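Please build the complete structure, drawing on both the sequences and the hints.
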Amino acid sequence: MTKTSHLLPLSLALSAALLLGACSRDAPAQAPAGKASTATAGKVAVARGIIDVEGGLIALAPPVDGSITAALVKEGATVKKGQLLLSLDGALLQQEVAMATADLALANDRLKGSQAQLRELERNATRLSTGASEGVSSNQQADAAKQQLAGVRADVDVAGAQVDMAQHKLEHARLKLQQMSLSAPEAGTVVGQVPGLGAFVQAGKPAISLLPARPLQVRAELSAAYADAVQVGMKATVVPDSDGAENTGTLPTARVVRISPVFAQARLPEDAGRGVAKVVECVLEFDGEAKARFGQHVRVEFRK
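So for the sequence shown, UniProt numbering puts the first residue at 1; every next one is plus one.
Calculated from the structure, these hints are not laboratory results.
These numbers come from a predicted model, not from an experiment.
A hint or two may mislead.
Below, in silico cross-link-like pairs of lysine to any residue (SDA-like), each with a Cα-Cα straight-line distance of 20 angstroms or less [claimed, not checked]:
#1 K146 x T126
#2 K169 x G90
#3 K278 x A229
#4 K80 x S209
#5 K205 x S67
#6 K74 x G198
#7 K80 x L211
#8 K291 x I50
#9 K146 x V158
#10 K74 x E186
#11 K74 x A213
#12 K80 x A187
#13 K81 x L60
#14 K81 x A70
#15 K176 x Q202
#16 K112 x M165
#17 K81 x T250
#18 K235 x V257
#19 K304 x V239
#20 K176 x S67
#21 K43 x E281
#22 K235 x P215
#23 K304 x I259
#24 K146 x V156
#25 K81 x A207
#26 K43 x K235
#27 K43 x V230
#28 K80 x P185
#29 K291 x I259
#30 K304 x V256
#31 K176 x V97
What follows is the structure in structure tokens.
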């Protein structure tokens, strides 16, 4: 009985020590939950988005039909504003420009000849008019000189009108010739395949796509549940989509600059597959330079 009474306190002490050890091991396991609640405290909405630029890709189409005689850029080329990209066959228009140039030169020569004749007749008419007033020459000669002068002045007016007409024809021919070339409307990068020599392009149909050198932005699609929770000026965290090779790194924070006032059909693949999904488009601008690619899918987390 004495041994048993001594062993009982020892057993109770060992049980208490084991219980305290178990509690100390369980306490750290609750820490991650606390951290997670802190990280998500400021999040008000989540949406899928895509990297875009203001205005999107620029589809460049020739204004006239024609065969390509020169393809001066390749896919991925960086171009400047006004840089020539494609040239079409404009042999006939070049001849038209040459003929218009020759017509203008001829009209100018005629005008110069008429103007020289006019100056000579003006001097002669002045001399005869002075002579008639002094009695040196007859009034009949002076009147004849005035009539001849009036006729030449009319010729000068006609020649001037012909010069203007020839100038307009030349400008029109040059404008038509300019339409046989395709130039970059602004700086950017050529996207997609460029048609090669001899390829036939049609008027109004895109021949080259240009990614303009504008700041990247995010075009996100808010579901109906989050449409009223997001406001202009709100900050957001943008991360590349986790599935696939697009998850390349961290992107700078962004802010909401525009929210569409209407619902639209979802266009992103994840949502468009539902068929009836309606979303509100939201545009965000990055606070810094974003190292991302046009068309890259991202996930947007809006915060207070």
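*Please name the hints from earlier in the document that this structure breaks, with their numbers sorted from lowest to highest.*
Hints 17, 29 not satisfied by this model.
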